[in-house]
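**Student:** Those sequence lines, one after another, are chains A, B, C, D and E. My numbering applies: residue 139 is where the first sequence begins, and numbers increase by one. My numbering applies: residue 447 is where the second sequence begins, and numbers increase by one. My numbering applies: residue 4 is where the third sequence begins, and numbers increase by one. My numbering applies: residue 4 is where the fourth sequence begins, and numbers increase by one. My numbering applies: residue 38 is where the fifth sequence begins, and numbers increase by one.
Calculated directly from the structure, the hints in this document are not laboratory data. Because the structure is a prediction, the values reported are computed rather than measured. Heads up, the beta-carbon is just placed ideally off N, CA and C, and yes, glycines get one too. Any given hint could turn out to be false.
[To be verified] Derived DSS-like pairs: lysine-lysine, alpha-carbon spacing no greater than 30 Å straight-line: (1) E:39 to E:217; (2) E:39 to E:145; (3) D:229 to C:256; (4) A:261 to C:251; (5) E:39 to E:243; (6) C:146 to D:109; (7) C:146 to A:261; (8) A:261 to C:256; (9) C:229 to D:123; (10) C:33 to A:261; (11) C:146 to D:123; (12) C:123 to A:261; (13) E:44 to E:217; (14) E:39 to E:171; (15) C:229 to D:146; (16) C:251 to D:146; (17) D:146 to D:109; (18) D:33 to D:109; (19) D:256 to C:146; (20) E:258 to E:217; (21) C:251 to C:229; (22) D:33 to C:251; (23) D:123 to C:256; (24) C:146 to C:109.
[As the list claims (entries may be wrong)] Computed list of chain C residues with no C-beta within reach of chain D, every gap over 12 Å: (25) 43; (26) 142; (27) 191; (28) 192; (29) 193.
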Amino acid sequence: MEWDWDFTWSIMPQLLAGFRITLVATALGAVVAAILGLVFAILRRSRNRLVSRTTGLVVEFIRGTPLLVQLYFIFYVLPDLGIRLPALTAGVIGMGLHYATYASEVYRGGIEAVSRGQWEAAKATNLTARQTWVHVILPQAIPPMIPAMANYLLAMFKETPLLSAITVLELMNQAKSVANSSYRYVEPMTMVGVMFLVVSVISVVGLRWLERRYGRVGG
Amino acid sequence: MGDWSGYLTLILEGARTTVLLTVLGSAVALVVAFVAGLGRLSPVAAVRWLATAYIEFFRGTSIFVQLFWIYFVLPMTGLWAPTPMQAGVLALGLNVGAYGAEVVRGAIQAVPRDQYEACIAVNLTRFQRMRHVILPQALPLMLPTFGNNAIELLKATSVVSLISLADMTFQAQVVRSQTGSTLVPFVTILVLYFAMSSLISLAIRACERRVTRGLDGVR
Amino acid sequence: MDQPIIRIQNLQKSFGTLTVIDGLSFDVMKGEKLALIGPSGSGKTTILRILMTLEDISGGRIEVCGEPLYHMARNGADVPADEAHLHRMRRHIGMVFQHFNLFPHKSVLQNITLAPVLTKGERRADAERRARELLDMVGLADKADYMPSQLSGGQKQRVAIARALALQPQIMLFDEVTSALDPELVEEVLEVMQRLARETDMTMLLVTHEMGFAHDFADRVLFFDKGRIVEQGPPDQIFTAPQEDRTKSFLRKIIAAGQRV
Amino acid sequence: MDQPIIRIQNLQKSFGTLTVIDGLSFDVMKGEKLALIGPSGSGKTTILRILMTLEDISGGRIEVCGEPLYHMARNGADVPADEAHLHRMRRHIGMVFQHFNLFPHKSVLQNITLAPVLTKGERRADAERRARELLDMVGLADKADYMPSQLSGGQKQRVAIARALALQPQIMLFDEVTSALDPELVEEVLEVMQRLARETDMTMLLVTHEMGFAHDFADRVLFFDKGRIVEQGPPDQIFTAPQEDRTKSFLRKIIAAGQRV
Amino acid sequence: DKLDDLKEAGTVRIAIGNEPPFTAIGADGKVSGAAPDVARAVFAALGVADLEASILDYGAMIPSLQAGRVDAITAGLFMKPERCDAVAYSEPILCDAEALLLPAGNPKGFQSYEDFAKDPEARLGTPGGGTEEKLALDAGVPRDRLIVVPDPQSGLKMVQDGRIDAYSLPVLSLNDLLAKSADDTLEVFAPVQGAPVYCDGAAFNKRDTDLRDAFDAELAKLKESGEFAKIVEPYGFSAQAAISTNRETLCAQE
Ligand SMILES: Nc1ncnc2c1ncn2[C@@H]1O[C@H](COP(=O)(O)OP(=O)(O)OP(=O)(O)O)[C@@H](O)[C@H]1O
Ligand SMILES: Nc1ncnc2c1ncn2[C@@H]1O[C@H](COP(=O)(O)OP(=O)(O)OP(=O)(O)O)[C@@H](O)[C@H]1O
Ligand SMILES: [Mg+2]
Ligand SMILES: [Mg+2]
C-alpha cells in the first residue's frame with residue numbers, strides 16, 4: 139500500500155475541520171479543569187473531615203477509572219436520570235472533570251511549596267487570611283504551577299480522540315470516517331499523527347520555556 | 447437478555463486481559479524507564495540524544511497513534527507482525543516508559559549533589575556510586591510517581607479495543623450490544639477499574655514503606 | 004519600665020505527646036530588653052512563636068498590653084480568642100525571623116509598605132516615605148527597588164527589621180536573627196539592633212546564641228532549659244557569676260567553642 | 004616535614020566568566036597543618052574542592068605525592084587525566100564536608116565500611132573491626148548501628164571524620180566542618196580534630212571561620228582574598244600582628260561580631 | 038497455497054463485527070450469527086475445522102485483512118465498487134435493505150434520506166464511514182446534521198434520548214436491536230425509499246483469489262443443497278435474495 143499525496147490533500151479540509159473541534163474541546167476542557175481543580179483543592183483542605191474525605195474519595199475514583207468509560211457514562215447513562223447534554227458539552231465536562239483531579243494535585247503542590255515562613259511572616263505583619271492568599275501565597279504559588287498545568291493541557295489534548303466514542307466529530311473521528319469510506323487507513327491516520335506531533339513538539343518547546351521561566355513544583 | 451452471570455463472566459475475562467496488559471505493560475515500562483532515564487544522564491552524547499528522541503517522540507504523540515503504527519504499519523514493513531497482545535503491551539510499555547524515564551532522571555537528579563561529592567571523596571567508581579548510593583536514595587522518590595504511571599497505564603488499556611483485544615471496556619461494549627443495557631456493564635467495569643487502581647495504590651504504598659524504612663527524617 | 008507589658012502565667016505547650024513548655028511564668032516590663040538563652044531545643048523559639056500567635060497554647064494565660072492574648076471576654080467569661088481578636092492583638096507585636104522570610108516576589112520597598120497599606124489603611128505615599136526613612140536607618144536607603152534575591156543575607160535581615168518596624172509595634176521579637184548569616188555580615192545586623200535598643204523604648208525579646216551580644220544588649224537574661232527558666236538576672240551576673248550548674252556547663256561549652264561572652 | 008606533598012603551581016579556576024582563583028601557587032609539606040581563612044567568596048572552599056577533584060581546573064598544575072593530579076603522562080606528553088587516573092590519585096586524599104554528607108540510607112557502620120570494602124577490597128570483617136576502632140576514637144563506639152538521621156549534628160560530623168579516615172588518606176581536607184552545628188556541639192568535633200592533629204602525621208588542610216580554633220590547630224595560616232593569598236605565616240603572627248590592611252580589617256570585623264581569635 | 042496453510046493450521050482467522058444478527062456473541066463468549074455460521078460451514082467443507090473470530094471496528098477490518106492479521110472478513114461488509122477494488126469478495130451471502138429506527142408512528146414522516154436533507158432540523162445517526170452515511174451524504178444531508186454513531190446500542194440510546202431523529206442501519210440489524218430493547222415507543226421503518234438492497238460476501242485478501250474461488254465452490258454447493266437457507270433464514274435473512282444475484286452485479290452497483 140503506497141502513499142497517495144493527491145488523496146492526502148483531498149482529505150485535508152475534513153481533517154482540519156476535525157482539528158478545530160479538537161482544539162475547541164481542549165481549550166474548554168482546560169478551563170473547566172482549572173476551575174474545578176481549584177474547587178477540589180480547596181475542598182480537600184477543608185477542616186471539615188466529611189467534606190475533605192468525601193472530596194478525596196471522589197477525586198481518587200475519578201482518577202482511578204478511564205476517561206473513556208466516564209465519557210460513556212456521562213453521555214449514555216445520564217440521560218436516564220434526566221440530564222441530556224449535547225455531545226461536545228458532555229465531552230468538555232468529562233475531560234474537564236477528569237483533568238480537574240490532576241489539576242487539584244498541582245494546586246495542592248503549588249500551595250504547599252510556598253514555605254511556612256511566608257505564612258508566618260504574613261501573620262507577623264498582621265495580614266488577614268484573604269490578604270495573605272491574595273498578596274503573599276498565590277503570587278508565589280501560581281507561577282511554579284504553570285509548567286505542570288501546561289503538561290496536563292498537552293496530555294488532555296492527546297486524549298481528545300476518546301471523544302469520538304460520544305459522537306464528537308474531532309480529528310480522530312474525522313480521520314476514521316475518511317478511512318472507513320475510502321478504505322485507506324494509512325494516510326488519514328498518519329496525518330493525524332503528524333498533526334498531533336506538530337502541536338506536541340511546539341508545546342514541548344513552549345513547555346521548556348515555561349519551566350525555565352517559572353521553575354517547577356515538586357517532582 | 448437475561449443471562450447476567452454469563453455476561454459477567456465475559457467481563458471478568460476482559461478483566462483478565464486488562465490485568466495482563468497492565469502487568470506486562472508495566473514491566474516493559476519499568477525496564478524502558480530505567481534504560482532511557484539513565485541514558486539521558488549518560489556521559490556519551492549519542493546515548494543521551496537517542497534517549498531524548500525516544501522520550502520526546504513517545505510523550506509527544508498519542509497512544510492511539512502509537513498503537514496504530516505498531517499494529518498496522520509495522521507489519522507492512524515486513525519486519526515483524528506482533529500479535530494484538532504483543533502490540534498492546536509494547537505500545538503501552540513504550541508510551542508509559544517514556545514518562546517513567548523522566549521520573550527516573552528527575553529522581554536521580556533530586557539526590558543532592560552532596561551525595562555524589564561524598565562518593566568521590568571516598569573514591570567510589572561511577573558504577574559503585576549509582577549502585578550503592580544514588581539509586582537506593584532515588585528509588586523512594588520514584589515510587590509514588592511510578593504508582594501514578596501504573597494507574598495511567600491501567601486506564602490506557604481501554605484503548606487496545608482499537609486492535610481487537612478483548613479487554614474489559616471492549617467486553618463491556620459487547621455485553622451492552624448483546625443485552626441492550628448500558629448501565630449495568632459500565633457500572634460493573636467502573637467498579638472493577640477502581641478496585642484495580644486502588645490495589646495498585648496500596649501495593650505502591652506498601653513498597654514505599656519498605657524502601658523508606660530507616661530513611662525517615664532525611665526528606 | 005513600670006508596668007508589665009507582657010505577662011505569662013503558667014504557660015503550657017505540647018506538640019503531640021512532647022511537652023515543650025511546662026508551667027512557665029514571667030513578666031516583661033514596658034521598654035525592657037530581654038535576652039533568652041539556653042541549649043538547643045529548650046523552647047526559646049517556641050515562646051517567641053507563641054507570643055506572635057504562630058502556635059496555639061495548650062494551657063495557661065498570656066496578657067499583652069493589659070489584654071489577654073489567647074482569650075477574650077464574652078458574656079463575662081473567658082473564651083478562646085477568635086481570629087478577629089488575634090488580628091487586633093497582633094498590632095502590638097512584631098517579629099524578625101532567623102531566615103528573614105521576606106516576600107520574594109515583592110521589592111524591598113513593597114515588602115515594607117505592604118502591611119501598613121493593607122492592615123492600617125495608610126496611604127501609599129505616606130507608607131513609602133516612612134519606609135524610606137526606615138531603610139535609611141538600617142543603612143539601605145539605596146536598595147529600595149531591589150528584589151530580596153539581589154541582597155546579601157545581612158541586607159535581607161536589615162530589611163526584615165525595617166518591615167517589622169514599619170507597623171510600629173510596641174513589642175519586637177528577634178529569633179536568632181544572625182545565625183543564618185556569614186560571620187562577616189553579622190556585625191551590620193547587630194549594629195542596627197544595638198541602635199534600636201538604645202534609641203527607642205520598644206520592648207524587645209531576643210533569642211540568640213551570640214553570648215557577647217546578649218551581654219551588651221540585654222537588661223535581663225533568662226537562661227532556659229527544657230522549657231523552664233533555670234536562672235535569670237542581669238547579664239553581668241549570668242555570664243560572670245552563674246549560680247546554677249546547668250548554666251555553668253552551658254557557658255563553659257560555648258566558651259570552649261571559641262566565643263567570647 | 005621535608006618534602007612538599009602538595010604542590011600548587013599557577014592554579015587558575017573560573018566559573019563561566021567569573022575568575023575565582025587566579026594564578027595561585029603554594030606548597031604544603033608532608034605532615035603540615037594548614038588553616039585557610041578569609042572572607043566569604045574568597046575561594047577557600049574552591050581550593051579544597053579542586054584538591055578533592057570535585058571541580059575541574061582552568062589552568063595551572065597540581066602535584067600530589069609527587070604525581071600530577073589533573074594531568075598524566077602519555078607518550079611522554081602531559082595530557083588531561085582520565086577517570087582512572089583520578090580514581091587512583093583520590094586514594095591519597097580524604098575530605099570532610101560542612102554538611103557531613105553521610106549516606107542517609109546506610110547505618111553509621113556501613114557508612115564507614117562501604118568505601119574500604121568496595122574500593123580497596125578489604126574483607127568486611129576487617130573493615131568493620133577498623134570502623135569500630137575509629138568510632139571509638141571519635142567517641143561514638145555505641146552508635147555503630149544507628150542511622151544518620153538518629154544522630155545530632157556533632158555526632159554526624161564525627162562519623163564523617165571517621166569515614167574519611169577509614170580510607171587512610173595521607174591528606175585530609177576539612178571545609179568548615181563546624182559551621183552547620185549548634186554552638187554547643189561545636190566543641191566535641193573540634194576536640195576530635197585537635198586529637199587527630201596532635202596524634203597523626205597526616206597532612207591537614209582546614210577551612211574555617213573559627214579563628215580561635217585555627218589559631219590552636221595550625222602550623223601555618225593562609226589568609227585569602229579574591230582567590231589570592233594576601234598574607235601567610237604562623238598563627239601567632241597572622242592573628243596578633245597582621246601586616247596587611249585587608250587582614251586587619253577582616254579580623255576586626257570577626258572580633259566585633261563576638262569571636263575570640 | 039493459502040488453503041493448504043489453513044488446513045495445516047486447522048483454523049481460519051476471520052474478522053467479525055459486533056452487530057447482531059450478522060454476528061452474535063453468546064454469554065459463554067461463543068461466536069454465532071449468520072455470517073460466522075456460513076463461514077464455519079464452508080470452511081468445514083474445505084477441511085478447516087476451526088474458526089477463530091476477532092471482533093473489529095468496521096473501519097479496521099480491511100486494513101487488518103491487508104496487514105495479514107485475518108484471513109477473511111465475514112461481517113456484513115456490503116459489496117460496493119470501492120470495496121470490490123480493495124478486497125476479493127466471494128459470491129453474495131447475506132442481503133439486506135436499509136432501514137430507519139425512529140419514534141413509533143414516524144411523527145415526522147421520514148421515508149428517504151432526502152427527507153432528512155429537506156428538514157433543516159432533522160438529525161440522522163449512521164455508523165462512521167458506513168454505507169448509510171454515504172447514501173445520506175449523497176442525498177444532500179449536511180455533515181453537521183449527520184451524527185457519527187460509534188455502535189448500534191449507542192444509536193438506539195440516542196434515538197430514545199431524542200438526540201437524533203432517526204438511526205439508519207440494515208433492516209435486520211435494527212429489528213434485532215429493537216427486539217432486544219423491548220421499547221414500544223420506537224419502530225423500524227423499512228425499507229428506506231430509493232436505497233438499494235446490498236449483499237455482503239466473505240472478503241479475502243486480493244492475493245488469495247485461489248482461496249476465494251475454493252470458498253465460492255463450496256458456497257455454491259451449500260446454496261444448492263438448501264443447507265444455506267437453513268443457516269441464514271432463522272436469523273431473518275432471505276436465502277433467495279443472495280442466490281438470485283451475483284458478485285458482478287453487486288460490485289457494479291453504486
Ligand atoms: N512544630 C513542632 N512539632 C513538634 N515538635 C516541635 C515543633 N516545634 C518545636 N518542637 C520541639 O519543641 C522543642 C523546643 O523547640 P524550640 O525550637 O522552641 O527550641 P529552641 O530553644 O529554639 O532551640 P534552638 O536553639 O535549636 O533554636 C524541641 O524539642 C523541638 O523539637
Ligand atoms: N559552582 C559554582 N558556580 C559559579 N560560581 C561559583 C561556584 N562555586 C563557587 N563559586 C564562586 O566562587 C567564589 C569562591 O567561592 P568559595 O565557595 O570557594 O568561597 P569561600 O571562600 O569558600 O567562601 P565561604 O566562606 O562563604 O564558604 C564565590 O564568588 C562563589 O560565588
Ligand atoms: Mg530556636
Ligand atoms: Mg566555603
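**Student:** Would you list, in rising numerical order, the hints stated earlier that this structure does not obey?
**Tutor:** The structure breaks hints 1, 2, 3, 4, 6, 8, 9, 11, 13, 14, 18, 20, 22, 23, 25, 27, 28, 29; every other hint is satisfied.
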